[in-house]
Each structure stands twice: as structure tokens, then as C-alpha cells.
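Chemist: Sequence:
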Amino acid sequence: MKKGLLVFGIIAAIAVIFGFWFVGTGNSLVKQDEKVLQAYADIETQLERRLALIPNLVNTAKGYAAHESAVFTEIANARAKLSGAIGSGDQAAVQAANNELEGALSRLLMIVENYPDLKADKMFIGLMDELAGTENRINQARQSYNNYVGDFNGRIRTWPTSWVAGSRGLEKHELFKASENAKTVPEVNF
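Under the working numbering, the first residue of the sequence shown carries the number 1, and numbering increases by one thereafter.
It is possible that some hints are incorrect.
Unchecked claim - Each computed DMTMM-like pair below joins lysine to aspartate or glutamate, with the alpha-carbon atoms no more than 20 Å apart:
no.: 1; residue 1: K62; residue 2: E44
no.: 2; residue 1: K81; residue 2: E113
no.: 3; residue 1: K177; residue 2: D42
no.: 4; residue 1: K177; residue 2: D151
no.: 5; residue 1: K35; residue 2: E113
To be verified - Pairwise CB distance ranges, derived in the manner of DEER restraints:
no.: 6; residue 1: D151; residue 2: L6; range: 40 to 46 Å
no.: 7; residue 1: A41; residue 2: S106; range: 23 to 29 Å
no.: 8; residue 1: E171; residue 2: D129; range: 28 to 34 Å
To be clear, the hints were calculated from the coordinates, so they are not data collected in a lab.
It should be emphasised that the depicted structure is a prediction, and the values quoted were computed from it without experimental measurement.
Glycine is no exception: its CB is placed at the ideal position from the N, C-alpha and C atoms.
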């Protein structure tokens, strides 16, 4: 009888330890998942900041380069797509729209090269400084997001944590990737 009670006690102790491990691991994964989601929200915040700066930048440039309307239209369309994508919460759509906007902005910077008075305009310079600061914040937010995603994805893919993640419905997050255009450095000479 004592031997059966001892075996039952050992099994119960193992079950309790396993239960604590399972709950603790699950809670830890949920916290990591929330950090990933918060980091993505930080990217969206910076993208929205960029979206707010662009109309002022475009309006300043329009005064100097009114006949470059195709680029201004392209920027407006890309900006609208990014705004809609952010609202949808679709990460792939946000990345695609962001890449399109970055391409349109780089074309605007090439046009600016043809207008020395625009490059010297104090308002334009201030807006470009704001945009540069925002681009740095976007880059830092992307790096932070990708770091959190890497940590989280690594944890949920290792055993036995993968089992806990699967039981909680936690899935792999996608990294925020740069566009193919971002791999070539644009030439801008102010």
C-alpha cells in the first residue's frame, strides 16, 4: 500500500511540475507575442508620421516643380495605399505599400536635384530633416520588430515549447523585409 501511495505521489508531483511549466511557458510565449505586436504597432506609428509629413513636403516642392505632376500623383496614390494598408492590419499589404511609397519618394528626391532654389528653401530643408528623422525611427522600429520576431519564432519552433505554442494557437510572425529597390543606394546630391 505504501509503495502504491509513493508511486502516486511521484506521479502527482511530476504532473504538478509539468502543469506549472506548461502554464509558465504559455504565459511567457503570450508576453513575447504581445511584444511582437507592439513592435509592429510602433512601425505603423512611424509610417503614419511619415504619411503626415509627406503632403507638406510635396506642397513645398509643387511650388518649384509644378510640371512634375506625375511624381506628385504617384506619391499621393502610394500614400493612400499605405494609409489603407495600415488600417487593414495586413502586414504584407503594409510592406508592399510602404515599398511603393519609398520608391515614389526617391523619385521626388531625384526631381529636387533639378531645382536649386527648392533645395535651399528653409521650409523644404526643415521638412527633409523631419523626414530623415522619421526614416531613422522607422528603421529602428523595424529592427526592434525583427529582433522580437526572431526571438519569438525561435522559441515557438523549439521542442517542447513548440507544443505549448501550438496548444495556445501561437504562430510564426513574418519579418519586416526591405524591398528589392532598397538594396540599391539612390544617388542624391544636395
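Chemist: Decide, hint by hint, whether the structure agrees.
Modeler: Results of checking the hints against the structure:
Our distance criterion of 20 Å between C-alpha atoms is broken by K62 and E44, whose separation comes to about 27 Å. A distance of roughly 26 Å separates the Cα atoms of K81 and E113; the hinted pair therefore is violated under the 20 Å criterion. A hinted pair counts as satisfied when its Cα atoms are at most 20 Å apart, and K177 with D42 qualifies at roughly 16 Å. Distance restraint check for K177 and D151: the Cα-Cα separation of roughly 16 Å lies within the 20 Å cut-off, and the hinted pair is therefore satisfied.
The straight-line distance between the Cα atoms of K35 and E113 is roughly 41 Å, outside the 20 Å bound, and the hint therefore fails. The given range of 40 to 46 Å is respected by D151 and L6, whose C-beta atoms sit roughly 42 Å from each other. Separation of A41 from S106 is about 26 Å and conforms to the stated range, judged on CB atoms against 23 to 29 Å. The hinted range of 28 to 34 Å is not satisfied by E171 and D129, whose Cβ atoms lie roughly 40 Å apart.
When held up to the earlier numbered hints, the structure conflicts with 1, 2, 5 and 8 and fits the remainder.
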